[in-house]
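K.L.:
Take a look at the letters that make up each chain.
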Amino acid sequence: MEQKVIALIITGMALVTYLPRMIPAMALSSRRLNPLAERWLSHVPAAILAALLAPSLLAPEGRIQASADNLFLWIAVPCFILAIRTKSFFGVVALGMGLLAAARLFI
Amino acid sequence: MNDARALPAPGFWPDILSGARQALPIVLGYLPVGFAFGVLALKAGMTPLAAALMSVFVFAGSAQLIAVGLLAVGAAPATIVLTTFVVNLRHVLMSAALAPHLRDWSRPGVAWFCAQLTDETFALHASRFARSQTSKAETLAINATAHSAWITGSILGAFCGGLIGDVKPLGLDFALSAMFLALLAGQVGTRPRQATAVAAAGFSTLFLCLGFGHWGVIAACVLAATLGCGVETWNRK
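Going down the list, the protein sequences come from chains W and U.
Note that the first sequence ends on residue 109 in the numbering used here; no numbers are left out.
Note that the second sequence ends on residue 262 in the numbering used here; no numbers are left out.
Using 25 Å as the maximum straight-line C-alpha spacing, the simulated DMTMM-like pairs for lysine to aspartate or glutamate come out as follows:
#, chain 1, residue 1, chain 2, residue 2
1, U, K68, W, E63
2, W, K89, U, D198
3, U, K161, U, D40
4, U, K161, W, E40
5, W, K89, U, D40
6, W, K89, U, E257
7, U, K161, U, D129
8, U, K68, U, D198
9, U, K68, W, E4
Heads up, incomplete: computed chain U residues facing chain W, CB under 8 Å, no partners named:
#, residue
10, T109
11, H116
12, V135
13, A140
14, M204
Take a look, some chain W residues computed to stay more than 10 Å from chain U by CB distance:
#, residue
15, S69
16, A70
17, D71
18, N72
FYI, nobody ran anything at the bench for these hints, they're computed from the structure.
A virtual CB, placed ideally from N, CA and C, is assigned to each residue, including glycine.
Take the sequences, apply the hints, and build the full model.
P.N.:
Rendered as structure tokens:
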């Protein structure tokens, strides 16, 4: 494809990526929201983290996969337990990567 | 007086280092995915420079990977841009959720911060801001570190794609999932938040299996946050 067209595509992508990120923060950060709106927004992080994480663990290929060969799902269990117990951010990441590497080495 | 004003505030460099350190799991996750993007971009007909520029100016991993897939099959530019918009629409929610914590930022500062807002940097900031860790230097250092890793991975993939083999044995592809698990654990300390997280997980998986595609994530978030907020409001009465 012509590089000029690719440059246009990159510019368009940059715009439609940046505007949804910037407009809400600009509009809302300068004013005080009503308590109900703030309460609703305070639930968004938990919702987004769970909504992004669940499909990648439960349905990595677009279908529910709860069998023994879904490594991500099983490794997530001890990782979540460690996360709840210790709140150790780096510990959870290290455990997850270590378990996955070990599983691939031995299975 | 001038000297004192010119020097960075106390804690500036420790905050920068702290931010870079907190972003390490993102770096581990972004390098291999960025690398894969760089390799695929070349195969789709992009030059290494174009691949690097896309990572600099777009900085949206899943959208970039989808874009090179569409490029490879000759999709129209408008289709690629529209798909990018839909994929990234969930950032509206992320941006809105962080807005209350950016009240004392200048407008150029907010604009800069938002340019580097991704799923992963959002996850970190949401947890930090909730714990009142709002240092601007640390916040921007997290963003800059993540973005640098993404650009570096993309450039390495575009230039060295043929030289490096499979990185799967290292378990790098679990780095981001593990980070999300750790941060999610920190978000679900109350029952209303637990209800939100369970609902979001259920809805998003259901919507994925039903074929909703990227609309599923934002729909799941809106429904789950409404449910969780309802539970919290109900408990308070």
